[in-house]
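Undergrad: Spelled out, the chains give:
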Amino acid sequence: MFSDYVAMVLNGAWLTLGLAASALACSIAFGMVATTFKVSNSRALHRVVDGYTQVVRGIPDLVLMLIVFYGIPDVITSLGSLFGKSWQLNVPAFVAGSLALGFIFGAYMAETFRGALLAIPVGQIEAATAFGMTPTQVWTLVRLPQMVRYALPGFTNNWLTLVKGTAVVSVIGLQDVTFRAKYAAQATHEDFAFYIVSLLVYLALSAVSLLGLRRVSTRYRIGAASGAR
Amino acid sequence: MNWQIVAENWQMFASGLATTIVLLLGAIVIGLLTAIPLSLMRVSKSRWLSWPVASLTFVIRGAPVVILLYLVYFGLGQLELVRESFLGPVLANATLCAVIALGISTAGYTAEIFAGCIQDLPHGEIEAAVSFGMPRMKIYRYVLVPAMFRRALPQYANEIILLLHATSLVSLITVIDLTGAARAVSALFYISFEPYLTIGAIYLVLSMATQRVFKNLERRFLRHLRPREANQAAAAPSIPANVRESTHEQTLG
Amino acid sequence: MKIRAIVAASALFCSASYAALPETVTVGTDGSYVPFAQVNADGSLGGFEVDVVRNLCERAKVKCVFTNQSFDALIPSLQSHKIDIISGWLLKTPTRERVVAFSNTYAIVNNRFIAKKGSNITISPEGLKGKTIAIEGGSAQDSFLTKTYGNTVNIKRYTGQGDPFLDLKNGRVDLTFGYTVQTDEAFLKLGDNSKNFEYIGPSFTGSNDPTLGAGVGLGFRKDESELREAFNRAIAAAKADGTFTKVSMKYFGHDITAAR
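Residue numbers (the working numbering), protein chains in the order written: chain A, 1376 to 1604; chain B, 42 to 294; chain C, 78 to 337.
Since the hints were derived computationally from the structure, they do not count as laboratory data. Careful: at least some of the hints might be erroneous.
Unchecked claim - Capping the alpha-carbon separation at 27 angstroms, the derived lysine-lysine pairs in BS3-like fashion look like this:
no.: 1; chain 1: C; residue 1: Lys299; chain 2: A; residue 2: Lys1460
no.: 2; chain 1: A; residue 1: Lys1413; chain 2: B; residue 2: Lys256
no.: 3; chain 1: C; residue 1: Lys193; chain 2: C; residue 2: Lys208
As the list claims (entries may be wrong) - Beyond 12 angstroms from chain B on every Cβ pair, some chain C residues (computed):
no.: 4; residue: Thr101
no.: 5; residue: Gly120
no.: 6; residue: Glu135
no.: 7; residue: Phe148
no.: 8; residue: Gln156
no.: 9; residue: Val176
no.: 10; residue: Glu203
no.: 11; residue: Ser216
no.: 12; residue: Gly239
no.: 13; residue: Asp240
no.: 14; residue: Asp300
Being a predicted model, the structure only gives us computed values, none of them experimental. Glycine included, each C-beta is placed from N, C-alpha and C at the ideal position.
Construct all of the structure, not just a fragment, from the sequences and the given hints.
TA: Right under this line is the structure:
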């Protein structure tokens, strides 16, 4: 019986990974947009990104998730009743979690991407432009591939923190590893055992991610000189 | 909108805010006190010291804060052995459990930050201290740790902000902090947007205040990294007029 | 006579065209209220109330999907349409009646305090002064305790029903309070808890204090009267043919829904 509950907790890892991947996609989207704003020449766009970063640094993950999951539907319903209509917005827990986490980690990704973009030697951009490449070609052929290499350490950190951040989504009812561990503990009264099991799952996810990203980083460093160039 | 419900229950929010600040400060103290020795062990040449600490920080940094909180409060509380021991009365108090769990979490990250900064220190300073005949403890106290703190300031500021975010999770182990107060109001009166937006704004203010504190600390302790100021340029001596003229003629000729 | 028949027929026709029951209905439960709702080893939901509601769904001819969430999230989830029915052993309290439309009652609940044997606590505001009590946050028992003893006793609110028992067992709190059938099954009957803990004080029901609710019912949104009526009919049918009694015997060995 106990081992069945352990299997149940382990199965939650799929949902944890799925949520983390979905939030990663959202965060890359938010981050890319923010980076392009930040490297542009518009002062106003700079301020927008600064405001974004401030909000993300200021509001804890759990609070943002509660606002997206409960608060926004609440507002929509109240607005609707103001106009005499019955509007409703049902944000599923998975979507609320992905959006909230994606929004938060988008700011961190923006910093990582910006640092990576700035690290690309300017001479390469100049050479590409001199060859007559359009800005889009410069982006896709010169900037993006090299950005990956420089962004990888920061990206790895963000990914690891994101995977751990998914544990908070258990509070809004998503049946991830943490949620399942809690309910297994309620059913069997073996709290310590199940929380250790869930800790091991997260550690395993961390270890696998680190190994995987190290391989990717080695591959992307082929041909690049190490050290400051 | 139901803002009056939030206003009527301001005491719950105020008490929650006080708890949040107490938790933050308590965790900072525990974190710093344990991180300094841990970081020194982490950079030690002896594998017996650095490996256990590296494994410990790997586990702590790999654990979500939610799991750490559950483990310390519910997990350890379930074990007879822990209950009977001297830790029993300490772990019986939920706030203390929260401070301990948060302290452990921040200690892990801070130790890694400090270890990284120690490795970045110019070795010359340590060599000079050794050649002066300073005993090891004196080197740590007067040379290594102050220099490490200086270098760690920006990263540590970030870590404190993340710790503030982590305190919002303690309502999961029955401690009523700012977020716990908002959840309680939400459950009692069936409103959500107003309490959560209110605490969002309060956390924003807390975060900006913390950033301001660290900016002032950086201004003081990282003074040597600031760009040169205007009055220093004006004070630079100017080249005498006749010398300039002659070089001018020479260049053109 | 004829006109009455025509009016009756058209009324039936109108209500029938409005009363298209949804095909699928989401039922929210609190999976920590063992054994009324609990998480089985394979992750599915089971328990007395879950089994009963599954039966009611068949009778009402709707497909029910069960979700598990914390108790204090049930009413907000109902309001924001995340779930359509609350099946959380929900007591019909006046505060809840304002935002939730209940089905007909299918059980009456009596609550008692549990404390360590020999603790000699008197159940009164003075007797509870300085004591700590563990309770599931958002429950009717929570509201009752806050209202009656909130000024003297120290109330700790938990997110699940299992955690208060854990903290009572490990001595973090002095008492807990709850429905005697649930506290029997989920705590006193386990291990040697009955040797160390006992009920103290009188029994409290909704007739002592309306905050404890006038019985248990399913929770619906106020504008979903057809769904509620369909389930009321199902409840009446299930009571009539002894389904409630049968499921109750399976879990508790006696009929907890019998009228008192």
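Undergrad: To test your reading of the hints: which numbers does this structure violate?
TA: Hint check: 7, 8, 9, 11, 12, 13 fail, others pass.
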